[in-house]
Amino acid sequence: MSSDEELARIQERIQQEILERQREEARRREEARRIDEIVRRLLTTEAWMRLKRLEMIKPNVAAEVKAYLVNLYMSGRLRRKVTDEELKALLARIADRTSVDYRIRII
6 MSSDEELARI
16 QERIQQEILE
26 RQREEARRRE
36 EARRIDEIVR
46 RLLTTEAWMR
56 LKRLEMIKPN
66 VAAEVKAYLV
76 NLYMSGRLRR
86 KVTDEELKAL
96 LARIADRTSV
106 DYRIRII
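For the sequence shown, this note's numbering gives the first residue as 6, with consecutive numbering after it.
Worth flagging that the hints you see were computed from the coordinates, not collected in a lab.
Keep in mind it's a predicted model, so treat the numbers as computed, not measured.
Just to be clear, a hint being listed does not mean it is correct.
The calculated lysine-lysine pairs, modelled on BS3-like cross-linking and capped at a C-alpha distance of 25 Å, are [claimed, not checked]:
#, residue 1, residue 2
1, K86, K63
2, K93, K63
3, K71, K93
4, K71, K57
5, K57, K93
6, K86, K57
7, K71, K86
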């Protein structure tokens, strides 16, 4: 096998890997867009704006909230739009659950 053939195979493999990564990224973006569409319908305008601001600062927390809301919606337990106050309460519960207590005890 010539080095030209080997080089061509390597280049083809790299191109295939790049295409696969691009397809996967497109699938992720589409999934995020669909989740955003669902969540946007579930929240009032004020709550949606709060969640989008949170997403800029703490994307992991925002993703957790979105997953929770979609879960409620899919299971039929969410029958009306979530208000800003209700979203704040949900965020407070998540913050309480994930907060770390840094008290120092001197023995």
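Check each numbered hint from earlier against the structure, then list the numbers of those it violates in ascending order. none
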